[in-house]
Amino acid sequence: MSNESNLRGYVRDFSRSKSGVAGLVMLVLLVAASIYVLVGYPPTIASQWGNPKQWQGNPPSAPPQWIGYFTPAYPPTIGFPSVQWTNAAPAGSPNSNFSNTYTFQWSSAKTPSDIVFIPRFSGTFIEAAITWMKPDGNSLVIYIGNPSSNVNYVVADPSISPWIQKYVGDQTGTTPSGVTVPQEMAALFNQDGKGLMSNPVLQGTYRLRVDFIGSGAGVVQSDTFLSVNGKSYGLMGTDLYGRPIELGVLLGLPWALELGALTSVIAVLFGVVFGGLAGYLGGKRDNVMQWFALVFLALPALPFLVALSYNIQLDLISEALLISALSWPFYAIIARSVSLSVKSQTYVEADRAMGVSSIRTFFTHFMPRLTPVSIAYAALGVPAGILLAQTLAFLGIQPQTVVTWGGILDDAFVQEAAVYGWWWWVLFPGIMIIVAALPFVLVGFALDKIVAPKVQAK
Amino acid sequence: MGFARFLVTKSISYAFALIATVSILYLGIYGSLQRVIFAQASYEAQQFQQALVKSAHGSLSQAQIAAQVALFKASFLGQFGFSQPLPVKFAYQLYHLLTFQFGSSYFLLAPNGSKVISQIIVAYLPNTIILFTTGTLLVVFFGTMIGLLAAKSVGGKLDRSIPFIAVIHSSLPPFWVGFLFIAYFAYSLNVLPSGGIISVPPPTGLFAQFGDFLAHLTLPLLAFFIVNLGGFGYVIRSLVVSTMGEDFVLTAKARGISDSRILFSHVLRTVSPSIATQSVLAVAGSFGGAITTEVVFRWPGLGLLTYNAILSNDLPIIIASTFVLTIVLLLGLYIGELLYGVLDPRIKAG
Amino acid sequence: MKAAEEVDLTLDRQEIVGLAGESGSGKSTLALGMLRLLNPPGRVVAGEVNYDGVDILKLPEKDFRENYRWKKLAMVFQGSMNGFTPVFTIGAQISEVLKIHGSEGSETKVRKLLELVNLDETIIRRYPHELSGGQKQRAFIAMALALEPDVLVADEPTTALDVITQANILNLLKSLRRDMGISILLITHDLAIISETVDRLYIMYAGKMVEEGDSAEFFQKPKHPYGQGLLASTPTLQSKEIKGIPGFMPDLANVPPGCSFAPRCPYAMEVCRREEPKLKGVGRERVACWLY
Chain A
2 MSNESNLRGY VRDFSRSKSG VAGLVMLVLL VAASIYVLVG YPPTIASQWG
52 NPKQWQGNPP SAPPQWIGYF TPAYPPTIGF PSVQWTNAAP AGSPNSNFSN
102 TYTFQWSSAK TPSDIVFIPR FSGTFIEAAI TWMKPDGNSL VIYIGNPSSN
152 VNYVVADPSI SPWIQKYVGD QTGTTPSGVT VPQEMAALFN QDGKGLMSNP
202 VLQGTYRLRV DFIGSGAGVV QSDTFLSVNG KSYGLMGTDL YGRPIELGVL
252 LGLPWALELG ALTSVIAVLF GVVFGGLAGY LGGKRDNVMQ WFALVFLALP
302 ALPFLVALSY NIQLDLISEA LLISALSWPF YAIIARSVSL SVKSQTYVEA
352 DRAMGVSSIR TFFTHFMPRL TPVSIAYAAL GVPAGILLAQ TLAFLGIQPQ
402 TVVTWGGILD DAFVQEAAVY GWWWWVLFPG IMIIVAALPF VLVGFALDKI
452 VAPKVQAK
Chain B
27 MGFARFLVTK SISYAFALIA TVSILYLGIY GSLQRVIFAQ ASYEAQQFQQ
77 ALVKSAHGSL SQAQIAAQVA LFKASFLGQF GFSQPLPVKF AYQLYHLLTF
127 QFGSSYFLLA PNGSKVISQI IVAYLPNTII LFTTGTLLVV FFGTMIGLLA
177 AKSVGGKLDR SIPFIAVIHS SLPPFWVGFL FIAYFAYSLN VLPSGGIISV
227 PPPTGLFAQF GDFLAHLTLP LLAFFIVNLG GFGYVIRSLV VSTMGEDFVL
277 TAKARGISDS RILFSHVLRT VSPSIATQSV LAVAGSFGGA ITTEVVFRWP
327 GLGLLTYNAI LSNDLPIIIA STFVLTIVLL LGLYIGELLY GVLDPRIKAG
Chain C
3 MKAAEEVDLT LDRQEIVGLA GESGSGKSTL ALGMLRLLNP PGRVVAGEVN
53 YDGVDILKLP EKDFRENYRW KKLAMVFQGS MNGFTPVFTI GAQISEVLKI
103 HGSEGSETKV RKLLELVNLD ETIIRRYPHE LSGGQKQRAF IAMALALEPD
153 VLVADEPTTA LDVITQANIL NLLKSLRRDM GISILLITHD LAIISETVDR
203 LYIMYAGKMV EEGDSAEFFQ KPKHPYGQGL LASTPTLQSK EIKGIPGFMP
253 DLANVPPGCS FAPRCPYAME VCRREEPKLK GVGRERVACW LY
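Protein sequences appear in the order of chains A, B and C.
Using the working numbering, the first residue of the first sequence is number 2, and each one after it goes up by one.
Using the working numbering, the first residue of the second sequence is number 27, and each one after it goes up by one.
Using the working numbering, the first residue of the third sequence is number 3, and each one after it goes up by one.
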């Protein structure tokens, strides 16, 4: 039996398993997504995630945008891609004028809940002028003197709301003494005229032109932020802090996969060699090794890791090692029983009779027979690692520098997401855990089915 | 006679394993444990000092009091082998652990207000036992049924859905299922309580109280059951299927025994030691996962206690609780092995 | 893959017939097929098993199970197999067989059966693993006799047993024919066993019958080259060397055309490689060989 033909046989058998192939495809997609995350996002993104202030520009606790198909009560949030701001002032002029026009469609019958503008620039600017142009042609101008960088300008900001108040007065004839945010939104989005405040929402193309006027070397950065915040956001909504769940879900992927894979590989490698050796050696040495596995088997994984986390700083490697240290006995037990059945089939006794060294025979002749089973269980072991790690994260035990789905769910739980009905905060991270674990389970089961009958054949 | 020898060897083996496992636990928590003991010593010393001052009525000087307190503290620490070399220290502290002398907690209290950890644990442990033993029994019963029926119709509809169920089991995060259940059944549908073990204020009358308890038990039990059923069913099915391939099944058929009798009598009896072991393992193992389930459902058991201890940094409880759970798991493994020996005549009859 | 093809086998009352062949020749499969014990993917593709005029292959499962299995046709399995369920006592299992088929399962009856096979009544409370190979085999035969079947199929009943026990079992089988009038189909690869036990024999090779007929005549003068080779390779007390038949049995999934034995046959001719020989009468035997 050459190894070559075995491998081809396995591959052929595997390709016949629909679920196995499906799992493999999912796996490839997940890995591709992970690579995308690792490459496309700066390493600081994890700490940004942990900083609520970063996300104030988004509507908090907003359900996913597609909820709009079912109910009109949640107008969408409109975001804008980053822009290269250019200096529109004529060359040679001592003044600078950075300008950009944002355009968007508004088709909801309800007004957005807020508009957030966060200018980011270096240097100083004397003035920022925001021109709001409605689909019907009306417009109003908002002047902000001495704008500050990295500040959230919302409609309720004292430098903005007076202008909207004035607009209301112009349209209706009565200038109110103060305006609430919903009233300001009404002013910006309703049909104009005397009945501005009670008119229906004007749907169509809105334009927002922002001019930064400076007298020196100020430069407007491309990460200047604008968002027209509805009551819903994106594909998966936002949490209490405005963090997009879809981003959290994506960011959690690489680490989850890495940890699961690492844990599984270490545990299976050690467990299979250990268990295989135990079955192979038999006798007293087998008994001792079994006892040793028992000692580790008896450690309850979750509580032990919890207690340990008080003494050990967790990072990818240490957490993987710890989890592996607790899971290897399972693989050892399986490997041992496989080893025993292989032993009953082969020429091990002959080798021993000829005086060939036991340990060497083990590695050259025996281990290859255990390899297929090992691979099957390596696949099956990943979901266990993923689940355990996420469960720990749910309890607050995880490396500080990563985003985890368990961690997101922990926040959801602590913030009583169930009580407030923020189902998207709970649903999507959980589904993601399943999505990450599922392909490994499918592949593992498929492999196991192929491998197992060959092992048990008498 | 065979069984007696089996019993003795297993018991010795497990006694040693107990020491070994607890030692590993000890190594892992060594730092925290020393801190806890030291804090305990300081606390006790403080109590002692106050009592001393009261009873001395001013007859002792500051220096004398300080000296006596220092002596007290040293002797307390001495009980834990503090200034001794590591092996001795280990022996002393291990002794305290094995005799369940955990000392007092930092913050958390037992329902009766006591800070003594063993009392606290004794107060909360039964709830964990009730929830998880019941859950596991349900899983074992239905899982065995499903496993048997699936094996009976190998390749049939039920059998082919078993892998699916098992797949789901392997990828479902238990705490998330609980979370969703609460969101849906408790807050959305409002039919079941969202957590805890009893309503506040509790209803009057024994019947109503029991009914209230059952209502609270339902969701966590259901979540536990759904998450674990598939895995157990799959294991049983595999066991049964592999047994069905054995010679004696063929010969049983040859001598005219009906298929269903073969399955439910011969095969079942043959795999029952394994099932028993798996069940015991399942119970013991379920305690380990108790933390998350109890947290999500706010079920006042050992798991929730541990979680609260985590939140309030109550190290002594964390250590004690981890230790208790380890003992439970070891006990489960031990009972499982013994049970296997009892049920399998090949071992019992020597 | 055909494990057995075009096999025609007859067993008369109070006859002991032998079925010989190497491992893999298809004889066990044949036996299992006869008792409808083949597990998928194996199955009986074509043919009939005529029991006293009834084709038992076509009977509904329930009918066959209640009226024929063990009642009329019993089977004794290979000595190395676990015939008994490991978790029940021998007595319980024999008694179960009796009760299942409507008989009384009393301890007296069980004891009587065990007596038939020279086993002590202490066996009743023993578990299978406590018995020696020979004891287990005899107990199983006792269980096979429980319903007084007419036909006993013994598949390698003495394999993995020591020579003394072998002799005991064979004598037992002979006495069963003599005292209880049971017909026995003895399946084995060991010609030595066949030589002293059977009246007639069949020899299978690669799933086909190659020689059949009177046992005495065969042992005096085997006709088919395979039969000759088999006999020659059976060691006797005097033999100094073990002579085998060169080559291996063909893979039953890929049978070459012509006579399946041709590749190993010392007398192979042109026609042997082209066409399959059919059974022809030669003396008091029938042989499938182009030599005749």
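Note that these hints are calculated values from the structure, not bench results.
Here the structure is a predicted model, which means the values were calculated and not measured.
Even glycine gets a Cβ: it sits at the ideal position worked out from N, Cα and C.
Incorrect hints may have been included.
[Said to hold, decoys possible] Cβ-Cβ distance ranges computed for the label pairs, FRET-style: (1) A:Val182 to B:Leu215: 56 to 62 Å; (2) B:Asp285 to A:Ala74: 55 to 61 Å; (3) C:Glu24 to A:Pro369: 26 to 32 Å; (4) B:Leu53 to A:Phe364: 46 to 52 Å; (5) A:Arg210 to B:Phe190: 18 to 24 Å; (6) A:Ser342 to B:Ser101: 55 to 61 Å.
Verification of the supplied hints:
no., hint, in the structure
1, A:Val182 to B:Leu215: 56 to 62 Å, "34 Å, violated"
2, B:Asp285 to A:Ala74: 55 to 61 Å, "60 Å, holds"
3, C:Glu24 to A:Pro369: 26 to 32 Å, "31 Å, holds"
4, B:Leu53 to A:Phe364: 46 to 52 Å, "31 Å, violated"
5, A:Arg210 to B:Phe190: 18 to 24 Å, "57 Å, violated"
6, A:Ser342 to B:Ser101: 55 to 61 Å, "59 Å, holds"
The structure is inconsistent with the numbered hints 1, 4, 5, although it conforms to all the rest.
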